[in-house]
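Q: Got chain A sorted already, so can you dock chain B onto it with the hints?
Take a look at the letters that make up each chain.
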Amino acid sequence: MKRFSQLIQELELSNKTNDKIAALVSYFNEANDKDKPYVIAMFTGKKPKRPVNTALIKQWAIELSGIPEWLFSESYSSVGDLSETIALVLPPAENAVDKPLHQWITELAQLNGETDEAKKEYILNAWNSLNTQERFIFNKLISGNFRIGVSNKMLVNAIAKHGEEDSSKIMHSIMGKWLPNEITYQELIAGAHVNTDNSWPYPFCLAYALETEPENLGETSAWQAEWKWDGIRGQIVKRNGELFIWSRGEELVTDQFPELHFLKDDLPDGTVLDGEILSVKDGNVQSFSMLQQRLNRKTINKSQLNDAPIGFFTYDILEHKGIDIRQEPLAERRKILVDIIGNLAIKDIVLLSPVIEFESWEKLAELRETARAINSEGIMLKKLDSVFHTGRKRGDWWKWKINPYTVDTVMIYAQKGSGRRANFYTDYTFAVRDGEQLITIAKAYSGLTDKEIKEVNSFVNKNAIEKFGPVRTVKPELVFEIAFEGIAESKRHKAGLALRFPRIARWRKDKKADEINTLDDLRQLLIASQ
Amino acid sequence: MALIKFTNRGIYCKQGNFYIDPWHPVDYAVTTHGHADHVKWGNKNYLCHELTKPILKQRYGLEDNVQTLPYNKEIDINGVKLSLFPAGHVIGSAQIRLEYKGEICVVSGDYKVEYDGISTAFEPVKCHTFVSESTFGLPIYTWQEQELIFAQIKNWVKDNNNKGKTSILVAYSLGKAQRLIKNLAGEYPIYVHNSIANLNEGFAAAGVELPETIRIDIDIKKDELQKGIIIIPPALADGRWVKSLQQPAIGVCSGWMAVRAGRRWRSADAGFALSDHADWPGLLSAIKATEAEKVFVTHGSTAVFSKYLNEIGICSEEVTTKYGAEDDEVIGEVNENPKEETK
Chain A
1 MKRFSQLIQE
11 LELSNKTNDK
21 IAALVSYFNE
31 ANDKDKPYVI
41 AMFTGKKPKR
51 PVNTALIKQW
61 AIELSGIPEW
71 LFSESYSSVG
81 DLSETIALVL
91 PPAENAVDKP
101 LHQWITELAQ
111 LNGETDEAKK
121 EYILNAWNSL
131 NTQERFIFNK
141 LISGNFRIGV
151 SNKMLVNAIA
161 KHGEEDSSKI
171 MHSIMGKWLP
181 NEITYQELIA
191 GAHVNTDNSW
201 PYPFCLAYAL
211 ETEPENLGET
221 SAWQAEWKWD
231 GIRGQIVKRN
241 GELFIWSRGE
251 ELVTDQFPEL
261 HFLKDDLPDG
271 TVLDGEILSV
281 KDGNVQSFSM
291 LQQRLNRKTI
301 NKSQLNDAPI
311 GFFTYDILEH
321 KGIDIRQEPL
331 AERRKILVDI
341 IGNLAIKDIV
351 LLSPVIEFES
361 WEKLAELRET
371 ARAINSEGIM
381 LKKLDSVFHT
391 GRKRGDWWKW
401 KINPYTVDTV
411 MIYAQKGSGR
421 RANFYTDYTF
431 AVRDGEQLIT
441 IAKAYSGLTD
451 KEIKEVNSFV
461 NKNAIEKFGP
471 VRTVKPELVF
481 EIAFEGIAES
491 KRHKAGLALR
501 FPRIARWRKD
511 KKADEINTLD
521 DLRQLLIASQ
Chain B
1001 MALIKFTNRG
1011 IYCKQGNFYI
1021 DPWHPVDYAV
1031 TTHGHADHVK
1041 WGNKNYLCHE
1051 LTKPILKQRY
1061 GLEDNVQTLP
1071 YNKEIDINGV
1081 KLSLFPAGHV
1091 IGSAQIRLEY
1101 KGEICVVSGD
1111 YKVEYDGIST
1121 AFEPVKCHTF
1131 VSESTFGLPI
1141 YTWQEQELIF
1151 AQIKNWVKDN
1161 NNKGKTSILV
1171 AYSLGKAQRL
1181 IKNLAGEYPI
1191 YVHNSIANLN
1201 EGFAAAGVEL
1211 PETIRIDIDI
1221 KKDELQKGII
1231 IIPPALADGR
1241 WVKSLQQPAI
1251 GVCSGWMAVR
1261 AGRRWRSADA
1271 GFALSDHADW
1281 PGLLSAIKAT
1291 EAEKVFVTHG
1301 STAVFSKYLN
1311 EIGICSEEVT
1321 TKYGAEDDEV
1331 IGEVNENPKE
1341 ETK
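Order-wise, the sequence lines are chains A and B.
Letter by letter, the first sequence follows residues 1 to 530 in our numbering.
Letter by letter, the second sequence follows residues 1001 to 1343 in our numbering.
Here chain A stands alone, though its shape is the one from the complex:
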């Protein structure tokens, strides 16, 4: 646990990728082999079943620290993290125990099914034998949820560097189905489990945003252009009679989309498709807000199935007849894909994402301007001879998004952030003008530099009008340009409409609050975009 605790501190203190990888490599060099699969599972979001629920943990912490519940809540809103709040408010530990990480995790797992009294005894004992930082980690182990800015890619690179292995193989391996208590670290990096597993997806190939003019990409004939769809990137895996649908978050979402289940019979074994899960009605892609009704639901009712039917727009094929064809050029893969989709018995649910024909970059730029009309976010450019890379790689694939919409708003509420930003007002609510009134239109969290956040923070401290718990009403003075991807009607919002992906584009220090946009401006945009 001590070595892991050190790793967490190192990871938290740096925001540089290289430092983080170095910290991970040195951890993998020094740590107990038995701990490593657990660490990998944790960092890739493989959560064990939570042995004790949050409410109980919180209740015990409050009991033990002897503070009233409201004071615990105030502490929590200042710290921004429940595990850490608990670690800080508990009385100092009376004992010291040093168990390896995997032992703590195993012991916690064994609490499943125990009585609340037994759980409480175990947890209280642990708290009483760990220091503040170790307690924090222990609490995180209970929740199984460590968010410390380590991407899968970063982790994989570190493991690859440590073991002098091929990174895509490791990515494969850790993305497959495995349990940390059933596999050794050596087996895991060797990928011993993945061959027998029907479900494993390939790592997604991701694109960088195009930052230059497309003319700099050279001849148009070397490129394939497609629409960039605004849905859930997905991978459909069909092997040995089984069907799996993976989302880009490396989650299995097969059950959520019954419309796609026909592929189990219709798709040949040994096929893996890359594409976008979308809501498609009468052949048209619907907006993301329609798709959203279908996400993360345990049950789907008839009207949802009717209003937001699911479709899958295929981009690519990664495995054909059981053979990994990611190293074949895109042009070849596309031919196979056309063939596969053409042979499907049910025609209008799983479709080819169309290739855009264009003669020149100029013409393509014109076409790109029409993307919004078909609920597309812009254009994807893929080199015809490109392989299907592992992760994000510069050069072969580019996303060329349309410019976002923008609106000038004024900040009216501020709230302290959580995590890294817990001591600063970083979450703001923005309003547009509606006659003499200001009406809330968006909440946004990011887009400012640390320096700007400090400036806004001191403005909020000086200009807070009222307190509502952690929220402060502030003098409507600061004007921000908010960028967003779409606009939709909404009964839930007072303004009657909701913005998609709102974020701060710029702080308009040059503008005064009376120069912001009006609700009417947004209504017109809504009408124009329908």
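Hints were generated in silico from the structure; no laboratory data involved.
Be aware that one or more of the hints could be misleading.
[As the list claims (entries may be wrong)] The following label-pair restraints were derived from C-beta to C-beta distances:
(1) G1164(B) - T212(A): 33 to 43 Å
(2) Y1188(B) - E117(A): 47 to 57 Å
(3) G1102(B) - K467(A): 36 to 46 Å
(4) D1223(B) - D514(A): 49 to 59 Å
(5) G1117(B) - G149(A): 35 to 45 Å
(6) D1027(B) - K467(A): 34 to 44 Å
(7) N1310(B) - N53(A): 31 to 41 Å
(8) Y1188(B) - D450(A): 26 to 36 Å
(9) S490(A) - E1291(B): 52 to 62 Å
(10) G1164(B) - K509(A): 40 to 50 Å
[To be verified] Derived pair list, reagent style DSSO-like, types lysine-lysine, alpha-carbon separation capped at 30 Å:
(11) K1243(B) - K451(A)
(12) K16(A) - K1221(B)
(13) K228(A) - K443(A)
The C-beta atom is built at its ideal place from N, Cα and C for all residues, glycine as well.
A: Coordinates of chain B only, in the frame set by chain A:
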């Protein structure tokens, strides 16, 4: 009639006709300590502890209109008996005790209860009315003993030294800097920024014994600095000079470092939760020791802290003042002598 009133100029004692730490100029200002949120330039007369005088002189050029007192010595101002008691916050910091017709009020400014080795140790004073800060007035703040923290800092410096990194500690010029110097002196030469060196000279002239330090100037070689400990005020931590050093490693010394969000925010290489303010248990024990019937909470987590005091049966009220702007320690000493910003 109450002995003190909270006015828009500061804390006012009508019976004695003077203010305590006013934020607008007045005729007679009693000063608890030398930090910028407690001292404003432009008052006609100042009264402070003997060791706060060199600070006022060095920072504000104040001398002739500054009257001083040692701790525990009573004077009479318009019938109000006034005396100073150590607040343990920084060198010269004082709690102001007022007594009038048997009614006793103590204004504590900023304080901490742990002895830091350099500021005269905090002394609880019994009173009817107590005015308290609550900078760290949440139960998440419990400091480690300073010996443990200094051991961590020494280890960190040693480790940096071995790895060829330059150790830079970020600390307030007044208070934290002297505390670090006093407790870290010995193994490595300590280099200090002008703002700290100037204060130290003032203290030395007033008879405060501080270990030897070296004033940073442009002629000192970077590899000499690498082998020592550098102490700079927060405003300079992100500056170009720091970046020009050999593999700079920045260690921020502040109570806010107790929380991960505070540490990560600064993107420092290390955070040491070393504070000159009382922690949660410290605030509570200090307040209980006063046996006060009424506690005013002036800055920090005022709402939360006074609500809690009321719940545990100590009558309390939050008041709005201009002390200790929230997040001050994280953002930097914004009110510090502007000279520091322009180095």
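Q: Indicate, hint by hint, whether the structure satisfies it.
A: Right, here's what the structure says about each hint:
1. Taking the beta carbon of each, G1164(B) and T212(A) are about 40 Å apart, inside 33 to 43 Å as hinted.
2. Take Y1188(B) and E117(A): their Cβ atoms lie about 53 Å apart, and the range 47 to 57 Å holds.
3. In this structure the supplied range 36 to 46 Å holds for G1102(B) paired with K467(A), their Cβ-Cβ distance being about 38 Å.
4. Distance hint check for D1223(B) and D514(A): the Cβ-Cβ separation is about 58 Å, which falls inside the suggested range of 49 to 59 Å.
5. A hinted range of 35 to 45 Å for the beta carbons of G1117(B) and G149(A) is consistent with their spacing of about 38 Å.
6. Checked against the hint of 34 to 44 Å, the C-beta distance between D1027(B) and K467(A) comes to roughly 35 Å, which is consistent with it.
7. Look at N1310(B) against N53(A): about 32 Å separates their beta carbons, and that is inside 31 to 41 Å.
8. For the hinted restraint 26 to 36 Å between Y1188(B) and D450(A), the CB-CB distance of approximately 31 Å keeps it satisfied.
9. For the hinted restraint 52 to 62 Å between S490(A) and E1291(B), the CB-CB distance of approximately 58 Å keeps it satisfied.
10. Separation of G1164(B) from K509(A) is about 42 Å and conforms to the stated range, judged on CB atoms against 40 to 50 Å.
11. Our distance criterion of 30 Å between C-alpha atoms is met by K1243(B) and K451(A), whose separation comes to about 18 Å.
12. With a C-alpha separation of about 29 Å, the suggested pairing of K16(A) with K1221(B) holds against the 30 Å cut-off.
13. This hinted pair checks out: K228(A) and K443(A) have alpha carbons roughly 26 Å apart, not beyond 30 Å.
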